[in-house]
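Visitor: All chains should be built: construct the whole structure from the sequences, respecting the hints.
Note that the protein sequences, when read in sequence, are chains F and B.
Counting the first sequence from 1 gives a position; the numbering used here is that position plus 1260.
Counting the second sequence from 1 gives a position; the numbering used here is that position plus 6.
Warning: the hint list may mix true and false statements.
[As the list claims (entries may be wrong)] Pairwise CB distance ranges, derived in the manner of DEER restraints: (1) Glu67/B to Gly1315/F: 53 to 61 Å; (2) Asp1800/F to Lys16/B: 58 to 66 Å; (3) Gly1315/F to Lys16/B: 38 to 46 Å; (4) Gly1815/F to Asp92/B: 55 to 63 Å; (5) Thr55/B to Asp1687/F: 46 to 54 Å; (6) Lys1392/F to Asp92/B: 30 to 38 Å; (7) Asp1305/F to Thr55/B: 52 to 60 Å; (8) Lys1513/F to Lys16/B: 13 to 21 Å; (9) Lys16/B to Asp1305/F: 45 to 53 Å; (10) Met91/B to Gly1432/F: 35 to 43 Å; (11) Arg1403/F to Met91/B: 26 to 34 Å.
[Stated by the list, open to error] Think about it this way: if two alpha-carbon atoms lie no more than 16 Å apart in a straight line, the pair counts; the simulated EDC-like pairs of lysine to aspartate or glutamate are: (12) Lys15/B to Asp1505/F; (13) Lys1967/F to Asp44/B; (14) Lys16/B to Asp1505/F; (15) Lys1434/F to Glu1445/F; (16) Lys16/B to Glu1507/F; (17) Lys1488/F to Glu1445/F; (18) Lys1849/F to Glu1894/F.
Bear in mind the hints are in silico, worked out from the structure with no lab data behind them.
Model, not experiment: these values are computed from the prediction.
Just so it is clear, CB atoms sit at the ideal spot from N, CA and C, and this is done for glycine as well.
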Amino acid sequence: MKQPSRRVAISGFHGLDNPEPGTPVARALRQGWRGALEIDALTYDPLTTGAWMPGVADALHIVPSLEDGDDVVFERIMEIHKRRRLDALIPCLDLEVPVYARLEDRLAREGIGTLLPNADTAYAIGKTRLAKFCHVHDIATPRTIHVSSLGDLPLHAQQFGFPLFIKSTVVGAKRVGDITRAISEADKFNKRWDGGVILQEVLAGDEFVVSAVAGRNGKCRAMVAMRKLGLNEKGKGIVGAVIDDPEIVNHAKEILEKLNWRGPLEMEFIRPPASKKLYLIEVNCRFPSWIMLAHWARCNLPVVLLKEILQPCATRLAPARPGTTFVRDIDETAVPLEHIRRLRRFGTCDGPAPTPPRRRNGHDAEIRVAVSGIGTLDVVNAGLGVARALRVAPDIASIYGLGYGRFDSGLYRPELFDRAFSLPASDDPGALMDRLRVIHHGSPFDVIIPCLDGEIPRFIEIRDELLALGVKTLLPSSEAFERRTKTNLFTGRLRADWSGFEIPRAVRVSGEEDVERAVAKLGFPVVVKGPISHAIRARDGAEARDAWRRLRERGEREGLVQQLIEGDNFAVAAVCGRDHRVLTSLSIKKLRRCDRGSTWSALRAPQPALEESLAAFLAHIGWVGPVEGEFIRERNSERFFLIEINPRFTAWIGLSAPLGLNHPYAAVATALDRPFEIQAGSDDLVFMRSCEDVLVSAQDFAAIAMKGELRHG
Amino acid sequence: MSERRYVLKKRVVLEGATGEGAMVLVDTHSATMSSCNDAASVLLQALATGATKAELATRLETEFSLDGEAAKTDGAEFLHRLSAMDLIDETA
Chain F
1261 MKQPSRRVAI
1271 SGFHGLDNPE
1281 PGTPVARALR
1291 QGWRGALEID
1301 ALTYDPLTTG
1311 AWMPGVADAL
1321 HIVPSLEDGD
1331 DVVFERIMEI
1341 HKRRRLDALI
1351 PCLDLEVPVY
1361 ARLEDRLARE
1371 GIGTLLPNAD
1381 TAYAIGKTRL
1391 AKFCHVHDIA
1401 TPRTIHVSSL
1411 GDLPLHAQQF
1421 GFPLFIKSTV
1431 VGAKRVGDIT
1441 RAISEADKFN
1451 KRWDGGVILQ
1461 EVLAGDEFVV
1471 SAVAGRNGKC
1481 RAMVAMRKLG
1491 LNEKGKGIVG
1501 AVIDDPEIVN
1511 HAKEILEKLN
1521 WRGPLEMEFI
1531 RPPASKKLYL
1541 IEVNCRFPSW
1551 IMLAHWARCN
1561 LPVVLLKEIL
1571 QPCATRLAPA
1581 RPGTTFVRDI
1591 DETAVPLEHI
1601 RRLRRFGTCD
1611 GPAPTPPRRR
1621 NGHDAEIRVA
1631 VSGIGTLDVV
1641 NAGLGVARAL
1651 RVAPDIASIY
1661 GLGYGRFDSG
1671 LYRPELFDRA
1681 FSLPASDDPG
1691 ALMDRLRVIH
1701 HGSPFDVIIP
1711 CLDGEIPRFI
1721 EIRDELLALG
1731 VKTLLPSSEA
1741 FERRTKTNLF
1751 TGRLRADWSG
1761 FEIPRAVRVS
1771 GEEDVERAVA
1781 KLGFPVVVKG
1791 PISHAIRARD
1801 GAEARDAWRR
1811 LRERGEREGL
1821 VQQLIEGDNF
1831 AVAAVCGRDH
1841 RVLTSLSIKK
1851 LRRCDRGSTW
1861 SALRAPQPAL
1871 EESLAAFLAH
1881 IGWVGPVEGE
1891 FIRERNSERF
1901 FLIEINPRFT
1911 AWIGLSAPLG
1921 LNHPYAAVAT
1931 ALDRPFEIQA
1941 GSDDLVFMRS
1951 CEDVLVSAQD
1961 FAAIAMKGEL
1971 RHG
Chain B
7 MSERRYVLKK
17 RVVLEGATGE
27 GAMVLVDTHS
37 ATMSSCNDAA
47 SVLLQALATG
57 ATKAELATRL
67 ETEFSLDGEA
77 AKTDGAEFLH
87 RLSAMDLIDE
97 TA
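Guide: Here you go:
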């Protein structure tokens, strides 16, 4: 009998580098649901990057803020339902769950199924009340206290001792080592989410997370437990594997029974090595962002949930396959601006169609390119966008990915890289050259494009040896590389006024006293910058000194203090030839950035005067190769100020290909002294990036770890 | 007295045991993964169904042309490591 077509509405498609679960829930349903299925994405923001990824959502709808009240939310769902006949609704954001739980009966009467916990149950395990729940039910949990008034924070923090976690009442947590940082982070969280903050003791140990679906009768229908194998700077699990530890599974099931839960949830645990006890850190009333792992482990929890909503049955799933492993990567797309405008104007639009698989280039393609910078651990490296652009260039036969760590996600992307190799984590150019020689011997390549700031000087040093090997590069001189460092840019060695932009002054600092002198001179607010990376805003003297201390903790011995310039963020990507002339350039306006400053959404915004001035600047410093200038257009004067010159491709450079400019190909062609053409492409495209988890086999990890090489296909 | 047999615990999975490419030992309780060289792969496949120390030594002698004493020592050391990682059971 033919299964009826089903339509499910899902929320939570945003989140940038801290992704919301809606996108992976949608992907898991796409992969695992048997029968016709349509997915409608519910979003609060037209630039909700995950929903625009091809093949994720069939339709997008703007929904009102939860603050507008349950009735307004319900009316909007009914509007959508009248046109789209929804069968089910799966909310994926913490704050939505109690709202939709209250609306459950009303939605059910209209034919929209949900499976959500009782509102009182969800309330009982909220972040501010979890400690009490654990105490009542004798569940081990770290020492935790909810501080509703920030005036009480210093007293409680001192009683806890440091380090400790400052957590918001909704989402976000920071580990802090002193009272100044504790107050600063608490203030930020409270301003964003209200309700005070939560203090929690820091426990060291292995971190485990469990996701489960409980049926209408409160019984566990399926469960997947995962151990976090790799954490980024924010403490988020970006590599994880399914485990089958009976102690963890049984403990999670006991908690689930005590909760008398319905629907999806996630439980986070930590197990300190000394005690071997499992401590419950947090319970979230929705699926986690790593939920695609459940599909790969043959225990697709979103499918279980949807089945439980639509047609509950007693079928038991096989346990999740242990050892199934994921690495967090990214997906990128270019969305026609008109689609976003349509969503903004009408509140609804069709979702982007899936991208057809790209055929490999034919026999005429001959160029082999090696690309480094292929990870996403803390920031998205540019090599991934470079590979995306090269993949659509007809002359490119093969692309080899070069990674420094086995968690560099690009190593495991056969659609981007034909082969992947590991590079030595060493500052020695000789070690780098030796390794490249070995790689080239087994897998010859014609051009190499380094994409990490820190490695460019090593590549500059070995470029002649690479050339002797037959490998071309397009790199600046070491003098030009130095001229664009922050220390040289902002301390008066270059003129300030470049017509299309200005270079703001900064004060060099190498201690707290320097920082105090700098802020006395500049006023507030300021930005305290490391010489290579990291920029921390400071609104007063305490924050400025704290910012300096944070840079010191990262190993910096000197920095810069600069007046904060407020306005819209722009960037100009360019490729310079060996005569230092700009061959092609591309300006964008950044629409969404994560708190590390990476661009997650951007619009092409031609700035002829700015591009011309940047070209003059690059010729002046003698630049060769790819480069990015980052600017802020000051809010009042509308004057552009240069913030940084990145000495390599930018991470959003994949956008250049659909625009017809293909900067990475231009760089490859120029390195080989070949001409290249600017193709006609669409101008009105919006760059969007979203997190995407990638399945990695144990053998692929082993191949990189033991042989340093992985051949795809 | 029959020689003791050693067998991998149920929570151990050998990925890639039947195909090309490196074998990987996965502890399914902790998701710890260990890449295996050729010798380890041979020994682990034997331990998947159970083997004595003598049988392990014989495997090493046969597959890698080791002399008897070296094979015994290597086999015993490998068992010792697995035991330290709590990955094998000992049966009479």
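Visitor: If you test the structure against every hint from before, which numbers come out violated?
Guide: Numbers 4 and 17, in rising order.
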